[in-house]
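J.: As they're listed, the protein sequences go chains A and B.
Mapping of the first sequence onto the working numbering: position 218 corresponds to residue 240, and the numbering continues sequentially without gaps.
Mapping of the second sequence onto the working numbering: position 58 corresponds to residue 130, and the numbering continues sequentially without gaps.
Treat the hints loosely; a few may be bogus.
Covered stretches of chain B, as calculated for chain A (at least 3 residues, CB under 8 Å) [what the hints assert, rightly or not]:
id : stretch
1  : 83-93
2  : 118-129
3  : 133-139
4  : 150-159
5  : 162-171
The hints are simulated quantities; they were obtained by calculation from the structure and are not laboratory data.
Bear in mind the structure is a predicted one, so any value in this text is a computation, not a measurement.
Beta carbons are placed, not taken as given, at the ideal position from N, Cα and C, and that holds for glycine.
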Amino acid sequence: MNELTKEQEAQLATVRKEYEDAFFTYQRTKIDPAICEKGVNFLYEKAGYKNPTVVYCTSPMDMQVKAKAEYKKEFKKEHDGDFTFNHYCCIGDHGWVSFYDFFTRIGETKDEDFNKYCEFVSSGVYSMLQFEDFCFVCPMPTLISRNADNVPHSAAGPAMQWGDGQGVYFWNGVKVDSRWIINPDSIDKEEILKEDNAEQRRVIREILGGETYYERTFGKDGLVLLDEDDDDQGFPMKLWETKEPDPIIRRKVQFVVVIDPSTGRTYDLYPPRQNSTNVWMAKADTFDNKKLTFRHGDLGLVDTSMPDLEKPLKET
Amino acid sequence: MKTTNKTLGREQRLDRVIIRGEVSDHSHIVVGDATITRNDNGEIEISVGNEGATLRHLLESLFVESGQEVWTKEHADIELTPNHTYSHVQQKEYDPYADTIREVRD
Numbered sequence: 023m024n025e026l027t028k029e030q031e032a033q034l035a036t037v038r039k040e041y042e043d044a045f046f047t048y049q050r051t052k053i054d055p056a057i058c059e060k061g062v063n064f065l066y067e068k069a070g071y072k073n074p075t076v077v078y079c080t081s082p083m084d085m086q087v088k089a090k091a092e093y094k095k096e097f098k099k100e101h102d103g104d105f106t107f108n109h110y111c112c113i114g115d116h117g118w119v120s121f122y123d124f125f126t127r128i129g130e131t132k133d134e135d136f137n138k139y140c141e142f143v144s145s146g147v148y149s150m151l152q153f154e155d156f157c158f159v160c161p162m163p164t165l166i167s168r169n170a171d172n173v174p175h176s177a178a179g180p181a182m183q184w185g186d187g188q189g190v191y192f193w194n195g196v197k198v199d200s201r202w203i204i205n206p207d208s209i210d211k212e213e214i215l216k217e218d219n220a221e222q223r224r225v226i227r228e229i230l231g232g233e234t235y236y237e238r239t240f241g242k243d244g245l246v247l248l249d250e251d252d253d254d255q256g257f258p259m260k261l262w263e264t265k266e267p268d269p270i271i272r273r274k275v276q277f278v279v280v281i282d283p284s285t286g287r288t289y290d291l292y293p294p295r296q297n298s299t300n301v302w303m304a305k306a307d308t309f310d311n312k313k314l315t316f317r318h319g320d321l322g323l324v325d326t327s328m329p330d331l332e333k334p335l336k337e338t
Numbered sequence: 073m074k075t076t077n078k079t080l081g082r083e084q085r086l087d088r089v090i091i092r093g094e095v096s097d098h099s100h101i102v103v104g105d106a107t108i109t110r111n112d113n114g115e116i117e118i119s120v121g122n123e124g125a126t127l128r129h130l131l132e133s134l135f136v137e138s139g140q141e142v143w144t145k146e147h148a149d150i151e152l153t154p155n156h157t158y159s160h161v162q163q164k165e166y167d168p169y170a171d172t173i174r175e176v177r178d
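Next comes chain A alone, as it looks inside the complex (with noise of 0.2 Å):
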């Protein structure tokens, strides 16, 4: 074939969706017993090895549980660490599955194989953990979080849920501490400035917000005042900067703090050319200092016809 035509290109969107919404609207939080058996068997057998004993779980933290007590019994002895999740036979899988999926329905692939695999797919299995004689697996999580770029994040809760009410917590795509989402006021001056990890530091920040992690970073005394005034819908605005340079970037860091008019939410914005004298400079800086028309929260809008205007017409 060299194009598809308009009918299946419609039904690649359809089955595009099917894959999408069987995780991301929960259909598939219940693994189907039948068909998972029967899938596993499958792929044991394809491997040489007879059929294990399927332990079904109920998250990938309680796969860990059943497994380690597994080993314990039969090695005597702890398990050191966590065992390693596959990066096979798992929602890993669903992406190359639902590619040769499409080109099976219309008709361009048929591989027998890969058909018994499809349907073990669906039976709504998220993890394994495979050893000769046991083979665990959980379902699919109940709960799901993202942020506009499709990554996981919540900054209420796990941004991933099990039915058990096991979870696991990120921030902005960066998985992080439970702790750090659940309990924000527990991170102190010592774990912050213990943490090296530049990206795991930018996470600290904003989850605690700017004047909180440099106040416990450097102390009460750590910040600088450079500026301060109401925006035209009379809120305040604040603009600070480290009295020192940042440890970790050996640069002060210049940030000002804003409050949305619309949701009362509290805002830091850290100016690209971090040389603001002013919070009306540093916030003109953020809209690469264009003369707006309209502000609707982080978009800007300049009239073509009205290039000059002071201050835009209308923020919201």
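Put chain B on the given structure of chain A with help from the hints.
T.: Using the frame of chain A, we list chain B on its own:
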């Protein structure tokens, strides 16, 4: 003929999504009589027609899939003037730890 969301196809409605917000499914969307132009540098221009257009903060999936306008309750509407053209400027900030400039998503 007056332009309504229902008269636009799904792809045309998707084209009206200017920027996605921090929260999944929250987006800045232009509704009404407008033409959106994007160049290779990612720059966006909004040309408003005779009937005028509005910049709204909506739930993207409902708008794109069915044309429904469900306000996120963040950022009040902004009426865009008929027959005016607007260029889009995305807010940006410095990320000290990555030492890069990145787009702000609210």
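J.: A separate judgement is required for each hint: does it hold in the structure or not?
T.: Hints versus structure:
no.	hint	in the structure
1	83-93	holds (count 4)
2	118-129	holds (count 3)
3	133-139	violated (count 0)
4	150-159	holds (count 7)
5	162-171	holds (count 10)
The structure fails to meet hint 3 from the earlier list, while all remaining hints are met.
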